Amino acid sequence: MTLSARLRGRQDRNLWFWVFVGPFVIGLVVFVYVPIIWSIYLSFFNSYNTVTPTEFVGFGNYLDMLRDPAFVDSLWTFAVFAVFIVPVTFVASLAIALLVARTRVMQAFFRSVFFLPTACSYVVASLIWKMSIFSGVRSGLANYVLGWFGLDSIPWLSLAQPPWYWLVIVTARLWLQLGFYMILFLAGIQRINPNLYEAAAIDGAEGWKVLRHITLPQLRATSTAVLLLLLINAFQAFDEFYNILSTFGTYPPYARPPLVYLYYTALGSGQDFGHGSAGAVILTLIILIVALGQGRILRLGGRDD
Amino acid sequence: MTDSKRPGGLDLDRRSVLTLGGLAAMTGVLAACGGNTGREPSTGASGASAGGGSKPTLQQWYHQYGEAGTQQAVERYAAAYPNATVKVTWKPGDYDQSTAASLLTDAGPDVFEYGNGPTIDMIKGGQVVEMTDLFGDAKSDFNDSILQRMTYQDKIWAIPQVIDMQLLVYRKSMLDKAGVQPPQTIDELIDAAKKLTNGNVKGLFLGNAGGADLMGGPMLWSAGLDYLTPDNKFGFDDPRAATALGKLREMWDAKVLLLGAPKDWFDPSALVNGLTAMQFTGLWTFPDIKKGLGDDFGVMAWPKLDAQGKDSVPVGAYGSCVSAKSNNVDAAKAFAKWLWIDQTKDQLDFATSYGFHIPSRKSLIPQADTLKSGQAADAARLATEVGHAQSPLLWTPKCSTAFGDAMNRIVKEGADPKAQIAQVKSVADAELKRVLS
Numbered sequence: 001m002t003l004s005a006r007l008r009g010r011q012d013r014n015l016w017f018w019v020f021v022g023p024f025v026i027g028l029v030v031f032v033y034v035p036i037i038w039s040i041y042l043s044f045f046n047s048y049n050t051v052t053p054t055e056f057v058g059f060g061n062y063l064d065m066l067r068d069p070a071f072v073d074s075l076w077t078f079a080v081f082a083v084f085i086v087p088v089t090f091v092a093s094l095a096i097a098l099l100v101a102r103t104r105v106m107q108a109f110f111r112s113v114f115f116l117p118t119a120c121s122y123v124v125a126s127l128i129w130k131m132s133i134f135s136g137v138r139s140g141l142a143n144y145v146l147g148w149f150g151l152d153s154i155p156w157l158s159l160a161q162p163p164w165y166w167l168v169i170v171t172a173r174l175w176l177q178l179g180f181y182m183i184l185f186l187a188g189i190q191r192i193n194p195n196l197y198e199a200a201a202i203d204g205a206e207g208w209k210v211l212r213h214i215t216l217p218q219l220r221a222t223s224t225a226v227l228l229l230l231l232i233n234a235f236q237a238f239d240e241f242y243n244i245l246s247t248f249g250t251y252p253p254y255a256r257p258p259l260v261y262l263y264y265t266a267l268g269s270g271q272d273f274g275h276g277s278a279g280a281v282i283l284t285l286i287i288l289i290v291a292l293g294q295g296r297i298l299r300l301g302g303r304d305d
Numbered sequence: 306m307t308d309s310k311r312p313g314g315l316d317l318d319r320r321s322v323l324t325l326g327g328l329a330a331m332t333g334v335l336a337a338c339g340g341n342t343g344r345e346p347s348t349g350a351s352g353a354s355a356g357g358g359s360k361p362t363l364q365q366w367y368h369q370y371g372e373a374g375t376q377q378a379v380e381r382y383a384a385a386y387p388n389a390t391v392k393v394t395w396k397p398g399d400y401d402q403s404t405a406a407s408l409l410t411d412a413g414p415d416v417f418e419y420g421n422g423p424t425i426d427m428i429k430g431g432q433v434v435e436m437t438d439l440f441g442d443a444k445s446d447f448n449d450s451i452l453q454r455m456t457y458q459d460k461i462w463a464i465p466q467v468i469d470m471q472l473l474v475y476r477k478s479m480l481d482k483a484g485v486q487p488p489q490t491i492d493e494l495i496d497a498a499k500k501l502t503n504g505n506v507k508g509l510f511l512g513n514a515g516g517a518d519l520m521g522g523p524m525l526w527s528a529g530l531d532y533l534t535p536d537n538k539f540g541f542d543d544p545r546a547a548t549a550l551g552k553l554r555e556m557w558d559a560k561v562l563l564l565g566a567p568k569d570w571f572d573p574s575a576l577v578n579g580l581t582a583m584q585f586t587g588l589w590t591f592p593d594i595k596k597g598l599g600d601d602f603g604v605m606a607w608p609k610l611d612a613q614g615k616d617s618v619p620v621g622a623y624g625s626c627v628s629a630k631s632n633n634v635d636a637a638k639a640f641a642k643w644l645w646i647d648q649t650k651d652q653l654d655f656a657t658s659y660g661f662h663i664p665s666r667k668s669l670i671p672q673a674d675t676l677k678s679g680q681a682a683d684a685a686r687l688a689t690e691v692g693h694a695q696s697p698l699l700w701t702p703k704c705s706t707a708f709g710d711a712m713n714r715i716v717k718e719g720a721d722p723k724a725q726i727a728q729v730k731s732v733a734d735a736e737l738k739r740v741l742s
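One line per chain: the protein sequences are H and Z, in this order. Residues 1 to 305, numbered by this note's numbering, are exactly what the first sequence covers, in order. Residues 306 to 742, numbered by this note's numbering, are exactly what the second sequence covers, in order.
One or more of the hints may lead you astray.
[Stated by the list, open to error] Coverage of chain Z stretches by chain H, computed from C-beta distances (three or more under 8 Å per stretch; other residues unrestricted):
#1 510 to 517
#2 698 to 709
#3 712 to 719
[What the hints assert, rightly or not] Within a straight-line C-alpha distance of at most 20 Å, the following computed EDC-like cross-link-like pairs (lysine to aspartate or glutamate) qualify:
#4 Z/K730 <-> H/D64
#5 Z/K677 <-> Z/D601
#6 Z/K499 <-> H/D152
#7 Z/K738 <-> H/D68
#8 Z/K560 <-> H/D152
#9 Z/K730 <-> H/D73
#10 Z/K429 <-> H/E55
#11 Z/K738 <-> H/D64
#12 Z/K738 <-> H/E55
#13 Z/K730 <-> H/D68
No wet-lab data here; the hints were simulated from the structure. Nothing here was measured: the structure is a model prediction, and the numbers come from that model. No residue lacks a Cβ here, since even glycine has one placed at the ideal position from N, Cα and C.
Take these sequences, add in the hints, and give me the full structure.
Now the structure itself:
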C-alpha cells in the first residue's frame, strides 16, 4: 500500500473525514481560537491602536482592570443579575414547556407563538420596548395603562431611583429568550419514555409527585445545558442593554454589563486592546469558574441514578 | 469573546460625533446591515509617479449621512477629481468602530472622515498623517474652535468638512403666553422652565437622560471653565464646576425637565408636538421645526451661569483624514486638499443643499442661502462666536465614560458634585499622563 493510499484510509475514509470536517475546523480555528489566543496575548501588552504590540506589561492590564471601580462594579451587578435572571428564566421556560406539552389542542400553534420572539432581532425588540411600550410620555403603552388608574406618567428609562429600567430590560429579555429555552425543555419532555408515567400512575403517583420524581430527573441533561447557556448569556449581556439604556455617546453607570463597559472604554472607538482583552479574559474566567462550579453541583446530585 | 457580540447595528449613540451622528441615527437606522467593505486592490501606482499617465486609485470612506442625496453628492465630487480615481465607500452602521479597526490593517481607506478628527491614540499611534502643510493661507479661514480640536502639538491632523452645532431652541408663543423672556443666565433658565411647565407639558427638554449625557460640557463652559486647561491639565477641579453641574440636578428636582420622550433630543418632535417649550437640540432639526412650527421658534446659546461665566454652543465637524497605511499618501493628501480646502463650491453644496449644516470655512457662511436669514443665521453666528468643540482631543473615551458616569450620578441620583468631579479627575489625570507621555 502506498503512503497516500494509507493516508486516505479504507475507502478514502480519512479523506472524506477532512472534506466534511475540515472547513468547520478551519473556521473554528480562524474565527474562534486564534482570536481568543490573540486576545489573551494582547492582554499582557500595552496595545493602544495596534494588534501587534511590543511593550510587554505583564499583569499590569489585569491589575488596572481589577482596580477600576466601574469595571468591578459592573461585574458585581451582573453576578447579582445572573442570580436573579437565571432561575427566573429557567422556571418560566420550564413552566411554559410543561403547559404546552400537556396541551392537546393547537399544540403546534402555542409552540410557535412562544417560540416566535426568538426569531426577533434584539435590536428591534429593544427599540419597541424603549420607544413604544416604555416611553416616558402618556402615549407610551405602559403609561397609557397607568393613565386609566389616574397615575402620573413614569419616565421608565430616565430614572435611576427607583430602578424601573430593570423592569424594561427584564421583560424584554424574558420575551426574547423564554421561547428558545421552552423549545429545549419541550424536546427534553418529549423524549421521556411514556412507560415511566404509566408505571407511576399505576403506583398512584400524580400531579407534583410525577413532576418531581419523573419529569425533573429525566430533564437533568436538558436542565444542565439550559442553566449553562443562561449563565453565559447573563454575563455576556450586551444587545438589549446597549440598545435600551445607552443614550447619545454614554451609557449610565448602573445596569452596565461588563461587555458594554469594555466596549465604551477599550474595544470601541477607544481601541485600547490591552485593557479590553484583560477585561474580557477576566470575564471569561468568571464564567468558567461559575460554570464549573455549577457542573460539579449538578453532577453530585446526579450520582443517585 | 467580545467579538461574538453585535454592538447593535444602530448608531443612536455614536461616541464622538455630536451631530451628524444624530442625523444618521434618525434616518439611517434601518440601513445598518450592508456589508460592502468597498475595498478593491489599488493600482499600486505611487503618488510620486501619478503624473506619468496612470492615475492612482484612492479609497474614500464616509459614514452614512441621513439626508437624501448626500451619497450621490460625494460620489459626484470624487468623480470630478482629475488626478486620481477615487472610489467612495458609504458605510452604514457603527462607522467609528469599524473604521478605527480597519486602520489596523492594510484593508483600510486612504482618505476617511472621522468625527472631530482622528483620536489622540490614532495620532500617537502613527495611523494618520499630518495635514498642516495643506492649509496654507486658508488656515485662518476655518472655524477656530473646530480647527483647534483637530490640532495636536501645533500640527493639524484633519480638514474640517462641515460644521454641526447644538443650541437651545424655544417656542416664542409659549414663552409669550407665560410672560417669559428668553433667559440670560442659568437661574433665569430654571425660572423660565418652572413657569413654562404645565401638567404634561414640560418647560425644558435636555434629552431623556435629563442632560446627564449631553449638558456636561455646556455647563462647564457656562461657568467659564472647560474640560481641560489650555496647557492640557484637568480643567474643572473648581467649586464653580460643582455649582454648575448641581444646577442640572436642581432642574431635575424641580420636575421641569421632559423625560422619556419617544425620540431623544436630536429629534425635534418633542418641541414640535408640544411636549416641551424649550429644547436643546441640533441645527439639523431646523427644516423639521420650520415645517411643524413655521416661524414660531427662536434660538439661543446655552446661557452663562452668572456674570463670570460665558454663553456657549457645542460645535462638531467630521474631519477628513489620511491613513498612514495608504499606498498613496501624497495622492490622498492632494485629494483631501482639493475637495475640502480648494473646492469651495462643493463644500457649500455639501453643507447646505441636503440639510442644515455650516460650512467650516468662515468666508463661505455669507454665501450659504440657508443661513442668510432668520433662526439659521442666528445659529451660524453663535457657532462662530461662542462655539466650543464638543470635547477636547485629549479627552479620551475613558475620560468621557468617567465623566458620563459622574454626570449620571449627579443628575439622576443627586450625588455630591464635588466628590464626583474628584473621581473624574483621578481617571482623567491618569489618561492625560498616558497620552502626554
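Measure nothing beyond the straight line between the CA atoms of Z/K738 and H/D68; if it is 20 Å or shorter, mark the hint as holding. 17 Å, holds
Decide if the proposed pair is consistent with the structure: Z/K560 and H/D152, CA atoms, cutoff 20 Å inclusive. 12 Å, holds
Is the Cα-Cα distance between Z/K738 and H/E55 20 Å or less? It holds: about 17 Å lies between the C-alpha atoms, which stays within 20 Å.
Restraint status (C-alpha distance of Z/K730 to H/D68 at most 20 Å): 14 Å, holds
Does the alpha-carbon distance linking Z/K738 and H/D64 stay inside the 20 Å limit? With Cα atoms ~15 Å apart, Z/K738 and H/D64 stay inside 20 Å; holds.
Is Z/K677 close enough to Z/D601, meaning Cα to Cα at most 20 Å? Holds: Z/K677 and Z/D601 sit about 18 Å apart, inside 20 Å.
Check the hint pairing Z/K730 with H/D73 against an upper bound of 20 Å on the C-alpha distance. 19 Å, holds
Do three or more residues from the segment 510 to 517 of chain Z put their C-beta atoms closer than 8 Å to C-beta atoms of chain H? Check passed, 5 qualifying residues.
Would the hint linking Z/K429 and H/E55 be met if the CA-CA limit is 20 Å? Holds, at about 15 Å.
Sort out whether H/D152 lies within 20 Å of Z/K499, counting only the CA atoms. 18 Å, holds
Take the C-alpha atoms of Z/K730 and H/D64, compute the straight-line distance between them, and say whether it is at most 20 Å. 17 Å, holds
Against chain H, does the segment 698 to 709 of chain Z show at least 3 residues with beta-carbon separation below 8 Å? holds (count 7)
Every hint, counting from the list given before, is met by this structure.
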